[in-house]
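Put the complex together from the two separate chains, hints included.
Each protein sequence line maps, in turn, to chains A and B.
Going by my numbering, 96 is the number at position 96 of the first sequence; the sequence numbering is gapless.
Going by my numbering, 61 is the number at position 61 of the second sequence; the sequence numbering is gapless.
You may find that some hints are simply not true.
Said to hold, decoys possible - Calculated cross-link-like contacts (lysine to any residue; reagent style SDA-like; alpha-carbon spacing at most 20 Å):
#, chain 1, residue 1, chain 2, residue 2
1, A, K95, B, V170
2, B, K68, B, G80
3, B, K264, A, E46
4, A, K47, B, E128
5, B, K127, B, G64
6, B, K264, A, E98
7, A, K95, B, L250
8, B, K200, B, S217
Said to hold, decoys possible - Chain B residues, not near chain A, derived (Cβ > 10 Å throughout):
#, residue
9, S5
10, F16
11, G21
12, V24
13, D31
14, T35
15, V37
16, Q39
17, A52
18, L79
19, W81
20, D157
21, T161
Said to hold, decoys possible - Here are the in silico distance ranges between beta carbons for each label pair:
#, chain 1, residue 1, chain 2, residue 2, range
22, B, L65, A, T134, 47 to 53 Å
23, A, E92, B, K200, 27 to 33 Å
24, A, Q49, B, A214, 38 to 44 Å
25, A, T146, B, R160, 16 to 22 Å
26, A, K6, B, D212, 49 to 55 Å
27, B, D278, A, S116, 36 to 42 Å
28, A, G143, B, R254, 34 to 40 Å
29, A, S69, B, D278, 31 to 37 Å
30, B, G70, A, G143, 47 to 53 Å
31, B, G70, A, K74, 54 to 60 Å
For the record, the hints were derived by calculation from the structure and aren't laboratory data.
A virtual CB, placed ideally from N, CA and C, is assigned to each residue, including glycine.
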Amino acid sequence: MKIGQKGDIIVTHALGSCLGLMLYDPAAKVGGMLHAMLPLSKINMEKAQANPFMFVDTGVPELFKAIYSKGGQKARLVVKAAGCGAPLGNNEMFKIGERNYTVLKKLLWKNNVLLSSEDVAGTKSRTVHFNISTGQVIVSSNGVETEL
Amino acid sequence: MKKKSRVDILSKVDSFPSMPGAAVKMLSLLDNPETTVSQIEDILRYEPGLTANILKLTNSAYFGLPSKVGSVRHAVVLLGWRRLVQLVMASCVSAIMNKSVPGYDLPPGGLWRHSIAVSVASEGLIKELGLPSDDEVFTAALLHDLGKLILGNSIKDDIRTIEVAASEGVPFEVAEYMVLGTDHAEVGAKILESWSFPPKIVNAVRWHHEPDSAEESDIMLDIVHVANVLCLMIGVGVGREGLRYEPSRLSTKRLGLKTSHLEKVASRTIQWVNELTDVFGAQ
Chain A
1 MKIGQKGDII VTHALGSCLG LMLYDPAAKV GGMLHAMLPL SKINMEKAQA
51 NPFMFVDTGV PELFKAIYSK GGQKARLVVK AAGCGAPLGN NEMFKIGERN
101 YTVLKKLLWK NNVLLSSEDV AGTKSRTVHF NISTGQVIVS SNGVETEL
Chain B
1 MKKKSRVDIL SKVDSFPSMP GAAVKMLSLL DNPETTVSQI EDILRYEPGL
51 TANILKLTNS AYFGLPSKVG SVRHAVVLLG WRRLVQLVMA SCVSAIMNKS
101 VPGYDLPPGG LWRHSIAVSV ASEGLIKELG LPSDDEVFTA ALLHDLGKLI
151 LGNSIKDDIR TIEVAASEGV PFEVAEYMVL GTDHAEVGAK ILESWSFPPK
201 IVNAVRWHHE PDSAEESDIM LDIVHVANVL CLMIGVGVGR EGLRYEPSRL
251 STKRLGLKTS HLEKVASRTI QWVNELTDVF GAQ
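Chain B extracted, bound-state conformation (with noise of 0.2 Å):
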């Protein structure tokens, strides 16, 4: 293990964008169960840029809603403040995310529609599943690759080393690990955690190639997991690295999933995508 590289890597944690203001407001909300929807306005009410997203996402036809929504008021009381919650979070990170990531292989937006992708499928395995909705599994799949943006830069150098690393038949994050001492879940974990995330979300996201090293086990956590690989699978994302994860024999038992589960989701994954990366694209 390179102890320099780790060090060198963990340090960029600091001087990674910190999380816009209004966003970091939003997320202190989301412990507090007395929150009121003056106050999400109150936090938005300075934020014409963002309210106007969260509008047009709202009203994208991922959601379904029956009317038109014109108003945070209007968005709280059809989608839940939660909801609303991570509508913000998307629309926070999707500037930062939009980026190339070099040593990835990731084109300008890659990383975003990857992103998406998995918040999408996410949700859809939820549902398919039969499980209970959980909103903060949006949020988690969103940002579960952000380590990458600060790794991307870092890996560019080592690249061949990691790939005869993972050529073995090694999953490619443990290559990561083995070379530079740390992996993109690891780094992800830890911008979250100076962004002062829920540790559900932050757990969810440094295990969501290796799920069960997590200290307990999560549905959220497997979901996430789970979806991340079907997405490289159909190709949403998929990187350098190409299709080299191995999805966690207990995660898929833990959910009950059956192949047909997969392709269903699949078969929604793209259209989900096209709805919800047309509205950021529009901004």
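Isolated chain A, as found in the complex (with noise of 0.2 Å):
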């Protein structure tokens, strides 16, 4: 996770079926990245202590207390979200960006807050650039630059 004041560039790379969840405030100009790998922290609670971003249960209310911490306001959050991909073939096992896209969902459904816009499944590696000064957030895939 990564929190940025104006004049910051947050960027990740490589969001397979990992979650890329963007926040922004812009009265406070003030936003931030989580890349969350998987969706519960259950299934290993020693690696969630150390690293609650991990996981989409513990990282998303950690993202959003950070956002808090430097003046954010919930009702003026913009709320983007990013990855989630899939192999080919449809195979339950293989869905890990579906069931992160799930958890996520559900979190912002309990806590009223909804997305903006969403750039998700599929199988495209994704690269997010986001921009803090204006917050916009580019998602670029082999070359072909999106705006979220």
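Pasting the structure below:
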């Protein structure tokens, strides 16, 4: 997880089935990005203690808390998601990305937060550039850039 | 199928760097049950750089040995000589595999990090599944993408055609085969054959994307196949092709694999990779 303030650009590379979650408060000019690998921390509690950002269920609350501590306010937050991809073949076992997305949606729904945009699922590997001055989120994959 | 491409690409296998002498000698010991510690010491006596590397690897947190190892003999006693042979292989190929791979958009070190990741994830899966340990899986996993070093330059020119083929839901290695007449798994297996590697390792590399096409099923092949997909999913060494590979249902069935196995191994893989790549990075 990384938190940035005006002037910062936060980048995360190679989101395969991992979740990239971007929060931005345009008034406070504060933003943060989480790169979470797995849906639920119960799979490795020891790891979750040391690195809660590895899991969606523990990382997402941490990201919100960190943004609030920097002056961000819930009502103003713009929330975007990227990643959560899957290999070919629709094999249930390998749907870690889909489960990451489901856990995220559940958490957001419980807390009355809506995603303003997303670029999720599919077989693409995504890199995200998050400009904290403007709130602009650029997702790139194979040299193709799209604004989220 | 482009026959000319296939011939051109496979002809590059002959000019690919040969395996360093020490590794070849060590490899010949693999099939000999009578191997002694002295034989290993004899080979490494004239390779101080390699010996230093092996000792650094042996002492890395990944192996979790209780005491510091200062000699080859001590390393063999604690790790076993078969494991030591795997570490010699890793040290010998690290320089070749640390390069960037342009066609697949892998930066310098990208392929190497992915290879180490698949090795540690393979060993993690074996442990998690309670399968008998197999030292050779480390080497098979480490070398599974060796063919990308040759194919990387060839696919640069044809990448658009390959991507169009792969965009129809066709796995990337199949698209490679359709356009070039070969794929990185076959090229990798050819290199290992030319290095006189054991057939089991060659087989795991050859079919790491298509275990169902191998003549016989093999647990080591299944493990490398699954570990490779898992490492791409968690973003270690995922290149231009993204996640356009298909996990085999037969492999996962044979292994008795569950989601929890995959997730447990995924949660530890990055730490294992960092522990080992730190040692190589410090060379």
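Each hint, compared with the structure:
1. A:K95 / B:V170: 19 Å, holds
2. B:K68 / B:G80: This hinted pair holds, its Cα atoms lying about 16 Å apart.
3. B:K264 / A:E46: Cα-Cα ~11 Å, so holds.
4. A:K47 / B:E128: Distance ~16 Å between K47 of chain A and E128 of chain B Cα, so the pair holds.
5. B:K127 / B:G64: Judged against 20 Å, a Cα distance of about 15 Å means the pair holds.
6. B:K264 / A:E98: Cα-Cα ~17 Å, so holds.
7. A:K95 / B:L250: 17 Å, holds
8. B:K200 / B:S217: The given pair, whose Cα atoms are some 11 Å apart, holds under the 20 Å limit.
9. S5: 22 Å, holds
10. F16: 27 Å, holds
11. G21: 36 Å, holds
12. V24: 35 Å, holds
13. D31: Answer for D31 of chain B: holds, closest chain A Cβ roughly 35 Å.
14. T35: Nearest chain A Cβ is 38 Å from T35 of chain B, so the label holds.
15. V37: At about 37 Å from chain A, V37 of chain B clears the 10 Å cut-off, so the statement holds.
16. Q39: Holds, since 41 Å exceeds 10 Å.
17. A52: 31 Å, holds
18. L79: 25 Å, holds
19. W81: Holds, since 33 Å exceeds 10 Å.
20. D157: The assertion about D157 of chain B holds, with a minimum of 16 Å to chain A.
21. T161: 14 Å, holds
22. B:L65 / A:T134: 47 to 53 Å: Between L65 of chain B and T134 of chain A, where Cβ atoms are some 51 Å apart, the hint holds.
23. A:E92 / B:K200: 27 to 33 Å: 30 Å, holds
24. A:Q49 / B:A214: 38 to 44 Å: Check passed, 41 Å falls within 38 to 44 Å.
25. A:T146 / B:R160: 16 to 22 Å: 19 Å, holds
26. A:K6 / B:D212: 49 to 55 Å: Taking Cβ atoms as reference, K6 of chain A and D212 of chain B lie about 54 Å apart, which means the hint holds.
27. B:D278 / A:S116: 36 to 42 Å: Hint holds: Cβ distance 39 Å, inside 36 to 42 Å.
28. A:G143 / B:R254: 34 to 40 Å: 38 Å, holds
29. A:S69 / B:D278: 31 to 37 Å: For D278 of chain B against S69 of chain A, whose Cβ atoms are near 32 Å apart, the range 31 to 37 Å holds.
30. B:G70 / A:G143: 47 to 53 Å: 49 Å, holds
31. B:G70 / A:K74: 54 to 60 Å: Given about 58 Å between the Cβ atoms, the range holds.
Checked against the numbered hints listed earlier, the structure breaks none of them; every hint is satisfied.
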